[in-house]
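From just these sequences and the hints, can you work out the full model?
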Amino acid sequence: MVFVLEGELKVGFITTANVLVSKQITKGEVFVFPRGLVHFQKNNGKVPAAVISAFNSQFPGTQSIAATLFAASPTVPDDILAQTFQINTEDVQQIKSKFAPAKKF
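The numbers in full-length UniProt numbering rise by one with no breaks, and the one at position 98 of the sequence shown is 98.
In case anyone wonders, no lab produced these hints; they're calculated from the structure. Any given hint might turn out to be false.
As the list claims (entries may be wrong) - For lysine-lysine, the following DSSO-like pairs were computed, each having C-alpha atoms within a straight-line distance of at most 27 Å:
#  : residue 1 : residue 2
1  : 23        : 10
2  : 23        : 96
3  : 10        : 46
4  : 42        : 96
5  : 96        : 27
6  : 27        : 10
7  : 23        : 42
8  : 42        : 98
9  : 27        : 42
10 : 23        : 46
11 : 42        : 10
12 : 46        : 27
Said to hold, decoys possible - Just the calculated beta-carbon pair ranges, DEER-fashion:
#  : residue 1 : residue 2 : range
13 : 89        : 56        : 29 to 39 Å
14 : 27        : 87        : 29 to 39 Å
15 : 24        : 52        : 10 to 20 Å
16 : 84        : 30        : 33 to 43 Å
17 : 95        : 16        : 16 to 26 Å
18 : 56        : 27        : 17 to 27 Å
Ideal placement from N, C-alpha and C gives every residue a C-beta, glycine not left out.
Structure follows, in structure tokens:
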């Protein structure tokens, strides 16, 4: 769970069905991340953001990171993946292409 004290964040998580759920939250808003799912928080404002975070368990569960991040639908934004892994967006696109679903004929 994250509660925004100041600023604005883009937050999201990826479900076990590889579906991206994301939202823009601002001061006074709360966003809950389900336990064990890959999630992110990105400051989208021009000033530093301040948040309070809390977890309901010390056992986070597990999820396959590569397939979750690079094959989500809708896709995780390239700039978030590039910043997370400290690579450029071209590399992100190349990695995503390896996880693209097979074409049906």
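query = Going back to the hint list, which numbers does this structure go against?
reply = 5 and 16
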